[in-house]
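Fit chain B to the known structure of chain A by using the hints.
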Amino acid sequence: MWSKLTVNMKKLTVTKDKIEEDLAELGGRSLIAQYMIKRIPPQCDPLGSQNRVVICTGLFAGTKLTTAHRLSIGSKSPLTGGIKESNSGGNAAYQMANQGIKMIEVLDVPEESGLWILHIGADGNATLKDAAIYKGVNNYEFAEAMKETYGDNCAVISIGCAGERLYKNASIQITEFKSGHPSRAAARGGIAAVLGSKGLKAVVIEEPSEKFKVTYADETKFKEVCLQLNKVIAEGAKTDPFSIIGTVATTDISGASGILPVDNFSGKFFGDYEKVGAQAFLDKLKSGGGKNKISCQPGCVVHCSNCYNDPNGNYITSGFEYETIALFGPNCHISDLDAIARMDRLCDDIGVDTMETANSIAVCMDAGKIEWGDIPAVMGLLNELKEGTEFGNLLGQGCEAVGLHLGCKRIPVVKHQSMAGYDPRNTKGTGITYATSPMGADHTAGLTMGRAFDDAGRTGQAYASGKLQVAMCFADSMMCLFAFAHAVPVLPLLGELMAALYGGTSDFTRVATMGVTTLLTERGYNQMAGMTAKDDRLPEFFYTDRSPATGSVFDINDLELEVLFDF
Amino acid sequence: MITNYDVFVPALMGSGASLRVGMKARALGCRKVLVVHDQGLKDVGIADIIIENIQAAGIETVVFGNVLADPPDILVEEVAELARNEKIDGIVAVGGGSSIDTAKGVNTLINNPPPILQYFGYRTDLKPGVPMIFIPTTSGTGSEVTNMAVISCTSRGNKDSVMGPHCLGTLALIDPDLTLGLPAKMTAATGIDALAHAVECMTGGQVNPLSDALAKEAIRDIVKWLPIAYKDGSNLEAREKMINASMFAGMAFSNALVHLGHSIGHSLGATFHIPHGLACALVLPEVIEYSAKSEWKNVAMICECFGEKVQEDATWEEIGALANKLLREFIKSVDIPNMKELGFDLEKVIAIAPMVTGDAGFAIAPYRITAAKVASMLQAAFDA
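For the record, the sequence lines run as chains A and B. Residue numbers in the first sequence follow the numbering used here, run continuously in steps of one, and reach 1670 at the last position. Residue numbers in the second sequence follow the numbering used here, run continuously in steps of one, and reach 639 at the last position.
Chain A with its partners taken away, still in its complex shape (with noise of 0.2 Å):
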């Protein structure tokens, strides 16, 4: 039976149960829509006592499913006002796993301001441990703390600077499988900011002596169905450029389609898209000793993560990503990757969302207060980030609040959140995505770029970002998305692992029915914390710029964004 910890921060308490049995057969996202709901006050003050933080492992983990291990954080986001599940790879959710524990649940503030590790060890007992010596140290010399401490094999679930000062753009890092590198991030909504206002630094979780062991519906069906789809999967990553490159693969066809963000998503184009496309990339890391094909949990067969180094073969980051590339990149006018890798490292290392600070940066740059491309100065604002100056506590706050403290016209925001590395006129079925997911601006929502007729047509764009946002409800319940997209012609065979393991049907609309119920709880979560219609639409000028890139506007009548979720 699976446990979970129930950390209680004003009394200081770690407390280890049976997990809940309406959360048993959940995991991930399903998890924590349903968790959230029933749990944590819709209204609440997102750095108040009520609210919570649940981190927890998917459907599958524990198994030999190929990247089972992903770990999901979720809460009410500080950023957003709204539910949030924000999830990542790395070590964690394997080491949970290990441990046997299903979940964590972070409850109350401390009384007395202060920042304590929840520490699981070797033997299987989680403490609260003094953290005071780590204030203001950042996650990477943190987690070579930890390692130092409780060895190469513990897993660091941790914040930096930004998650301990509440900045809304704080992520919280997770280490990488082997290197170790603090690279993984649970980015987007802030949630590391909840963290620290529970004075939670971080949660280190040691390999256990002995490991869990899973218990099963049907053992010998599992692991029949399970080969299989791990095999349709290993096949389908062999001609899978997030594989044998990298997510930066995806640049030489944004890029090419004006679906890129350049200068602030004004949609233009960007001539340089090749200087940080896959080749450049590719030349990059062969001149730096860099590498690719690199798994970031154990088990995976899509090893989509890297490891990055200056020309001189010094380490700069890894999980290098086609986000990270795009919005710190092109959209603030900048093509050069090693700065770009640089601008990645000290995001990761203070622990603020890639995409929201680079958004931030980019409606600086539109609004005059810096030039567009211009790196040192770039730098000079992630250091006033890393340092909290006044003005860096202000990015901290996320794109908005800086686009609407420097009077910027063009403020690419959804709910609060800024937009991933896609122009919503280009790809309209992700600006759809964009417009009604209850997580706000979020790629991972749901891309279709690619999958409907034409990107930047209206042509079958609701109808894809429709099905997509449902089947990202359960991929991200069970595996990651890079995984599920080559599962995706062997779907049925996910309700056959759902049955061996839990038991029941073994009906595919099990697995669809969970997708459906996770987004209709997720938008009932943020109805009940005041959104309303209004909340699902991109911002104006999308609707009334053209893209110069192709000439295209983002045309979707609200009608199609009203009924997209009518089930």
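Keep in mind the hints are simulated off the structure, nothing from the lab. Honestly, I wouldn't trust all of these hints.
[Unchecked claim] Straight-line Cα separation of at most 25 Å, DSS-like style, residue types lysine-lysine; simulated pairs:
hint, chain 1, residue 1, chain 2, residue 2
1, A, K1341, B, K628
2, B, K548, A, K1637
3, B, K548, A, K1570
4, A, K1570, B, K628
[Said to hold, decoys possible] Using C-beta positions, here's what the derived DEER-type ranges look like:
hint, chain 1, residue 1, chain 2, residue 2, range
5, B, G412, A, A1225, 35 to 41 Å
6, B, K587, A, G1607, 46 to 52 Å
7, B, L601, A, K1341, 48 to 54 Å
8, A, V1317, B, A635, 50 to 56 Å
Beta carbons: idealized from backbone N, C-alpha and C, even for Gly.
Relative to chain A, chain B alone:
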């Protein structure tokens, strides 16, 4: 809005045009063509005329004369194997939508391994096939000028489509003479299919000015000439107008695509085994009424093509109701029965609603509609 104007297939139009098939195939460089038709065309003598014409041009023929309605994937795969073994270098399809769609399916598999179900959907990455000449013998399908083929999937029990360059004819020969012998019932059902193409592609998510222009002209001609062709099959002028309207509607929906009415049609066809044109007509008025909520301007235009003036201050509900009435009256005027008259069971009809929402065409509907609402449309149309 930025849109594509797709004019896919060159066509040769006019009484007697089919007699150029041999010459045209020769000009395309063909030496050995697969001729695809159904038994009915053999019986009325059309198939032999076409085959002899091809052979007279010095081209060898391999004949497949057993096309089935709603071509099943396994049959398509069988014919494709024949085509590969015979090393044909061209395909001539003569007949209705089933013959032409069979040819398209075969062409998909000429240089791509079976099964065909792996190629469902719009694909641009497949290996090209061989030149194809299409000769329609009904005025309805429009398939001769579209880039898609509807195939019955035997393993899944539904209909799906292959779409893309591999489904494009090299030439269409539009010869009204070949439709003169079409029985009245078939004339009505295929004519209503063409009407369904035209009105649906004016109300989907991908309308453009070209599709609108073609569709409006098609509707006007169908409204005027279908009742005449239905009553007097030998009226060549009516036949010519109808085959032209059918092609226009086909060109229109190549640009704008069809949506919910066809999703319902495919599901009814798969469940009750009725001809495609009839299946698409059964709930068409209700579908266009539903579309009016977002596409009221074009629905008003459809009413005007029926010769009905729409008040400037009409609400979308009024426009939708008017379109429903006009379409229903017209469908009845050519004696197309409703579902009750066809002897369907109401419960079984309503039960297809979830299947409708799983159909490929559902993606093109102007706005999302639930299975429950589809069910209420089916109920409303049942004895309308």
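Quick rundown of the hints versus the structure:
Distance check on the hinted pair: K1341(A) and K628(B) sit about 43 Å apart at the alpha-carbon level, beyond 25 Å; violated. A distance of roughly 20 Å separates the Cα atoms of K548(B) and K1637(A); the hinted pair therefore holds under the 25 Å criterion. Our distance criterion of 25 Å between C-alpha atoms is met by K548(B) and K1570(A), whose separation comes to about 23 Å. At roughly 18 Å between alpha-carbon atoms, K1570(A) and K628(B) fall within 25 Å of each other, so this suggested pair holds.
In this structure, G412(B) and A1225(A) break the distance hint of 35 to 41 Å, their C-beta atoms being roughly 55 Å apart. Hint check: K587(B) to G1607(A), Cβ distance near 50 Å, so the stated range 46 to 52 Å holds. For L601(B) and K1341(A), the Cβ-Cβ distance of about 51 Å falls inside the hinted range of 48 to 54 Å, so the restraint holds. In this structure the hint that V1317(A) and A635(B) lie 50 to 56 Å apart at CB holds, the actual value being about 52 Å.
When held up to the earlier numbered hints, the structure conflicts with 1 and 5 and fits the remainder.
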